[in-house]
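**Student:** The primary structure of each chain is shown beneath.
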Amino acid sequence: MSDVAVARDSSSAMPEASIEPFTVTLIIRRFDPEVDAEPHWQDFDVKMYATDRVLDALHQVKWEQDGTLSFRRSCAHGVCGSDAMRINGRNRLACKTLIKDLDITKPIYIEAIKGLPLEKDLIVDMEPFFESYRAIQPFLIASDKPEKERIQSVAQRAVFDDTTKCILCAACTSSCPVFWTDGQYFGPAAIVNAHRFIFDSRDEGSQVRLDILNDKEGVWRCRTTFNCTEACPRGIEVTKAISDVKAAILRGNPGLPPSDLTLTPVSA
Amino acid sequence: MSTESPSKKSTAKAVEPEYLEFEDGAVIDGVHYHRHDVVIVGAGGAGMRAAIEAGPKANTAVITKLYPTRSHTGAAQGGMAAALANVEEDNWEWHTFDTVKGGDYLVDQDAAEILAKEAIDAIYDLENMGLPFNRTPEGKIDQRRFGGHTRDHGKAPVRRACYAADRTGHMILQTLFQNCVKLGVNFFNEYYALDIVMTKVKGKDRPSAVVAYELATGEIHVFQAKSIIFATGGFGKIYKTTSNAHTLTGDGVGIIWRKGLPLEDMEFFQFHPTGLAGLGILLTEGARGEGAILRNASGERFMERYAPTIKDLAPRDIISRCMVQEVAEGRGAGPLKDYVLLDCTHLGAEVLETKLPDITEFARTYLGVDPVVEPVPVMPTAHYAMGGIPTNIKAEVLSDNDTVVPGLYAAGECACVSVHGSNRLGTNSLLDINVFGKRAGNYAVEYAKTAEFVPVPVNAASFVQGLVEELRDSNGTERIGALRKELQEQMDLNAQVFRTDESLAKVTETIHTLRGRYKNVSIQDKGRRFNTDLLEAIELGFLLDLAEVVVYSARNRQESRGGHQRDDYPTRDDAHYMKHTMAYLTGDPHSADASDHISLDWKPVVITNYQPMERKY
Chain A
0 MSDVAVARDS SSAMPEASIE PFTVTLIIRR FDPEVDAEPH WQDFDVKMYA TDRVLDALHQ
60 VKWEQDGTLS FRRSCAHGVC GSDAMRINGR NRLACKTLIK DLDITKPIYI EAIKGLPLEK
120 DLIVDMEPFF ESYRAIQPFL IASDKPEKER IQSVAQRAVF DDTTKCILCA ACTSSCPVFW
180 TDGQYFGPAA IVNAHRFIFD SRDEGSQVRL DILNDKEGVW RCRTTFNCTE ACPRGIEVTK
240 AISDVKAAIL RGNPGLPPSD LTLTPVSA
Chain B
0 MSTESPSKKS TAKAVEPEYL EFEDGAVIDG VHYHRHDVVI VGAGGAGMRA AIEAGPKANT
60 AVITKLYPTR SHTGAAQGGM AAALANVEED NWEWHTFDTV KGGDYLVDQD AAEILAKEAI
120 DAIYDLENMG LPFNRTPEGK IDQRRFGGHT RDHGKAPVRR ACYAADRTGH MILQTLFQNC
180 VKLGVNFFNE YYALDIVMTK VKGKDRPSAV VAYELATGEI HVFQAKSIIF ATGGFGKIYK
240 TTSNAHTLTG DGVGIIWRKG LPLEDMEFFQ FHPTGLAGLG ILLTEGARGE GAILRNASGE
300 RFMERYAPTI KDLAPRDIIS RCMVQEVAEG RGAGPLKDYV LLDCTHLGAE VLETKLPDIT
360 EFARTYLGVD PVVEPVPVMP TAHYAMGGIP TNIKAEVLSD NDTVVPGLYA AGECACVSVH
420 GSNRLGTNSL LDINVFGKRA GNYAVEYAKT AEFVPVPVNA ASFVQGLVEE LRDSNGTERI
480 GALRKELQEQ MDLNAQVFRT DESLAKVTET IHTLRGRYKN VSIQDKGRRF NTDLLEAIEL
540 GFLLDLAEVV VYSARNRQES RGGHQRDDYP TRDDAHYMKH TMAYLTGDPH SADASDHISL
600 DWKPVVITNY QPMERKY
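As you go down the protein sequences, you meet chains A and B in turn.
First residue of the first sequence: 0, per numbering that gives the first Met the number 0; consecutive thereafter.
First residue of the second sequence: 0, per numbering that gives the first Met the number 0; consecutive thereafter.
Isolated chain B, as found in the complex (with noise of 0.2 Å):
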């Protein structure tokens, strides 16, 4: 600490911040310091995958809110795509062609041969750390069909997703947690990240630390890092009828958004075709890859209408759109006529209840409905964010079409880098947390073998400290509970499957007052301990911003791609939109106008081999 006069030490302030030396684990203030060489935010998929990588060769520490365990990997159920070519011919250039047309073309097709290519070692490096696979008579890992995964450049479905049951995303995350344990791998378990600090060094910003509120004690941490990765997951809960679960709230994304860094194609949310009807359970695209079929009142197949070669198998944007205009025609299942229904009576109950026992029981407990004998009643689901934290093959993340923040990584649902353009397919993205987690902690790794750490300034922690303050003292009149409510209820009747400029009008005008109303909140838990209350609130802070981008972003695009569809604007329009979005947050969010605060550019997609055609099934 500086010993200068007070006078002296304010102007010297002025022209150069000052920094605070410690110890690791040193308590200065109320506020405790650490220090690793990687600092990894998330313990899902992504953030393991990293961790087995970088815990053996450096200083590693995972900040995680949620026991590992408890990531919403493990809701994952159909399977991993790897073009092992086990069951049948496949190769990853076919998986390559395929996620390219799977995601409308706005995928970036280097990183999609690079996905499709370390598929095969993802896979192999997961069973070989010990992942019970299905498998074949011969004893090899089983494959399975699944949405938009073709033989030869779409002539028909192939056997490309490698599976454990329906409980594939269970089992990546249990081996992931499994190997971490045998590896040690230091854990701080529910600790919410809630700021990146940025230090100025030669007039650029650079990440220093990650500042975390503890859980269970309502502490605040600082991590000094060289390379700090996000692996934080997506942010359905911007929706009210989704998959994700309620902790998936995009506070890594909205952390990135609030530096002034960009996000990328954030209008493309996936809706998976089979949430459980009024729930949004997932069910798994797996059970049509084993044979079940959609079929509206009638009992009509109506996907062989629309996709007529692969039928239940198109991929899940298309698959979404046939399910709602078939509802909006009339022609929905049910006494309201508001769903369709997933028949998996011809399977048997021997490959339901062997391939298929999650997914079987789910319909069994939430709607009373043995799918062994009747059909399940099923609509779209909001499930997953194609956009996110921009970043390069290295998992780098970039503060502009191209250059890269130094030390800073991103992987798996949060990122974007983009291998799902405008429509993931099922199965890569248990593959992208594999392929992009390792390489995140590889990068991660060699980046902090060289680097110095950056200083961190002796503010590090006042942003959260003044958040967590401010909202833990408030006393409006305003309950969380209900502002995030009408929020997920406006994001579903207006920025859904169907979008036009005026329901996004209409929900953007929605969020902007929500943001005021935010403002007047009251947090009733004015404890330290577990203060999940307040917490409840800082998520519903990034839930705003983020619902704001998604809705922006997809004013924006005049087009129908992917899982962004514009009633206005029903076909793609490669000569104005064949490139990605880059949003920016550039003024006050508070400002009724969102062009006042959030900047739009645009980012050339990369096109290697396949020049874009026409999307047809």
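So here's chain A without its partners, still in its complex pose (with noise of 0.2 Å):
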């Protein structure tokens, strides 16, 4: 990234102490199938604080400008995971990426994720993206019934810990060239996903998901090339977590150590 001088002033704490307003000019794909054959793109011009996010750009086209200019969008802080898009040739959330960490010397780009079949603008059809995620049966197996919480040590909870971090946002599939062309690819997010449980201890199904992803469309399919780690808004380390899924299909288990836990819990 260039180091312009709005960036340099980001040591401020408080918006309102920013430097004036500065023109930022927007490149987006737009695509409406009622209208158009195709995809085009389109400028806007639109006034911009440096602590200001991408989302707040697209809210002042819609808002001032162009009201057909559709995306998602809700939680507005990198929490909901609705506003996954490329910016700048980089899969980003649109309200996580500030306009000072961009190079507002040059237009900012911004098009839907890639992928997923396009349905107007930024939106994409998320469909094929969850079907992946519901086929790795992403939920706890477990056949006890206990009648208060399930003991799990501080270390069993925390070899799971990034991977829960998911907001299913769509960044890493979307990012990943072997998804692009190959649709029937898992894709980094479902491998994340089935990693949260094939490493809980509490679970029962690892076998059961270490086998669908052993398949010919599962985590061979990986090429390593971390497009999907440096996509991740939440910093989860995908590629690894996928590493972990391959290694423990090769051992045939998740190779959980046992527990550390040296205290009988008192009410167990």
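Treat the hints with care, as some may be off.
[As the list claims (entries may be wrong)] Straight-line C-alpha distance at most 30 Å; calculated DSSO-like pairs for lysine-lysine:
#1 B:K154 - A:K147
#2 B:K116 - B:K448
#3 B:K578 - B:K393
#4 A:K144 - B:K181
#5 A:K144 - B:K203
#6 A:K147 - B:K258
#7 B:K393 - A:K144
#8 B:K525 - A:K113
#9 B:K484 - B:K203
#10 B:K336 - A:K46
#11 B:K602 - B:K615
#12 B:K56 - A:K144
#13 B:K181 - A:K245
#14 B:K602 - B:K578
#15 A:K46 - B:K518
#16 B:K181 - A:K147
#17 B:K181 - A:K215
#18 B:K484 - A:K46
#19 B:K239 - A:K239
#20 B:K199 - B:K56
#21 B:K615 - A:K147
#22 B:K201 - B:K258
#23 A:K113 - B:K199
#24 B:K116 - B:K518
#25 B:K239 - B:K56
#26 B:K239 - A:K99
#27 B:K448 - B:K258
#28 B:K484 - B:K239
[As the list claims (entries may be wrong)] With the Cβ distance kept under 10 Å, some of the chain A side facing chain B (calculated, not the full set):
#29 S69
#30 L97
#31 Q136
#32 F138
#33 V153
#34 K164
#35 D181
#36 G182
#37 D202
#38 E229
#39 G234
#40 E236
Just so you know, these hints were derived from the structure itself, not from any lab.
Note that the structure is a prediction, hence the values are computed from the model and not measured.
Using N, Cα and C, we set each Cβ at its ideal position, and we do this for glycine too.
Dock chain one against chain two, each of which comes alone in its own frame, and use the hints as you go.
**Tutor:** Pasting the structure below:
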């Protein structure tokens, strides 16, 4: 990223302490199947502060210039996963990308994430993505019926902590070159969510999931390009999670360490 | 369909409406018709918790405006209260008392008792479903301190909040969704519920169906159901500075309001103390639960002056008022002295990275402030509606102080049981959605087992068709974005933490003017597919309606209690106001004087064990 004048000013905490707003050009890939044969690029100039989000820029277009611009968004601070899009060629959440983090001497290019059917402007059909997610059985499989909570040590809980952070935004899956060319591939997000259960000491369904992911459209399609890890807005080490699953398949089990609890729970 | 002659048919119509006969999945005159025993509107925590109960026991459908995992339950951070006593002595009776006192005694105590008692199983349910709670060294669910939750009726803070780092809501939302996937729950994603159909049966209005707009296609769907559960969340977008998502526009609450059904305690809106200054993004109270301290410009821990016993862990209404007061009296920090500071620096990098990782990142990302080394600028942010659709403890919706609307249920933030009274305690909302979401699901199934479908009138979709067509064809000069901005700014200025009759009168006038301008809006997107322009216009209609009820109810309550602070009536007045507000839409909302179309009534508070006392911490 080039270091623009505004970015250096960002040490100031408050938005109102930022310097005057400046003009940013957005170039957005538009597509409305009701009227367009093909997608096309359209420019918009917006007035932004350095600390504004790309989502704020999109809202300014929609609310003040062109109400037809369509995109998904909800929480606006990076936890709901609605607004993954391609910003300057990189998958990011529009609500987590600040203007000051981009090179605003050049226009900002915004388009829908790739690999999923384009519906309108920045909106894609998420159904194939959720289909892969559902296929890996993303829920705890456990036969016991404890009276209280199941016991799990701090260390056992830590093994799968990283993959519990997933918000299903599809930034990783739609950044994966294998997924672009082979829509049948489960994709990184589904594997991340399988990981979350495979390495959970309370779960009994690991074998089922490892078998599913040992399929020809499973983990072996991963070419470790690390696009997914770079794309994840939650900082999940996606490629590492995929490698963990590969290793578990080769081993034939998750290889979880035995419980490290030395104390007997009082109420157990 | 009738084969009678047109003249006879119209005569018959005058006395008896015509009903529609259809198969599930039918399309008649372009409208889709569906039939399910239970229809749940909303797929946040409450809706999905209800679906987990109802799904396996009855033919259930969930209509949701967003993909379920986008719901704002996922933004909740700090924890969910339950007196598990995993780390220190605790019991549900203490939790009940704290909830009642936290709500400034406007809580219905029978409901609070259920909340606190059923909390324990609600937590075990979630853990058993797979929720990855943080653990104690013994491998049990860990618990942390939170505002207003105390040991033995206020003696000291107690560790009652079960948590998963500062992403407890995210984990709850994911876990509930995972279990919905497991159970094969039938979701209708990105379907906006816009109306509930009431059919006259033996002279009484009975809910027969929900009408929804399909975002992808612009088509209208009618969902007939025996039981209908509203779990549509809050309406924080009536304010500018808010922790709420853009989509929290109170559609469900607005639908109920427009049917002439009452809304309870709408004047009570919670302002969470620690929103990122200028942005409103939430920083969990769990930070203070872990030991963070609020300071003014001079570095003073000012809460010691206001709440000497529990200091920074006083309930949210109190802390928010103190913060605003500090700033008003010139002790604010920053170049404009317009915020206070949340100091986490003494917690150390490890606590921040492991127990509060998300808020640490929010401060870094959005303000460029690293909480490990410097205090974070914060100010109150509109967070939670204590009021909403009145229900009883079975989550059944009420049409007056005690009459149940058969087959209609509400749970979560859209509902008012009332377990939160005039101020909700932190961690009690994640609890509320689980306890009353589960109850709603179960009671809805129980009702659907014996009830008959209420017939759907032939014109069931006509209101929504009219609403959509009128807005889509609009060619006025006003922009939705501009009207909404003015509403939100005026609500922040006049109906926020401190209110007066004068400020409330001012914003009442604003709302009336905006309602007039709203008639002259222009929707630019005339298409059918993913028309979010149109939906934002519809949402603004709900926001205007709800803002007016909030303000009208607030003007009428001439006292200060919990989240409702009147500068012109600064003390609590139990003699006149120890009762719930019940507001009804009774006339044309466009009439200039709100009293021409809103009427207010009172509903007694249920008191079991705790007589109102002075609220000190």
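**Student:** Checking each numbered hint in turn, tell me which of them this model violates, lowest number first.
**Tutor:** 5, 6, 9, 19, 21, 23, 24, 25, 35, 36, 38, 40
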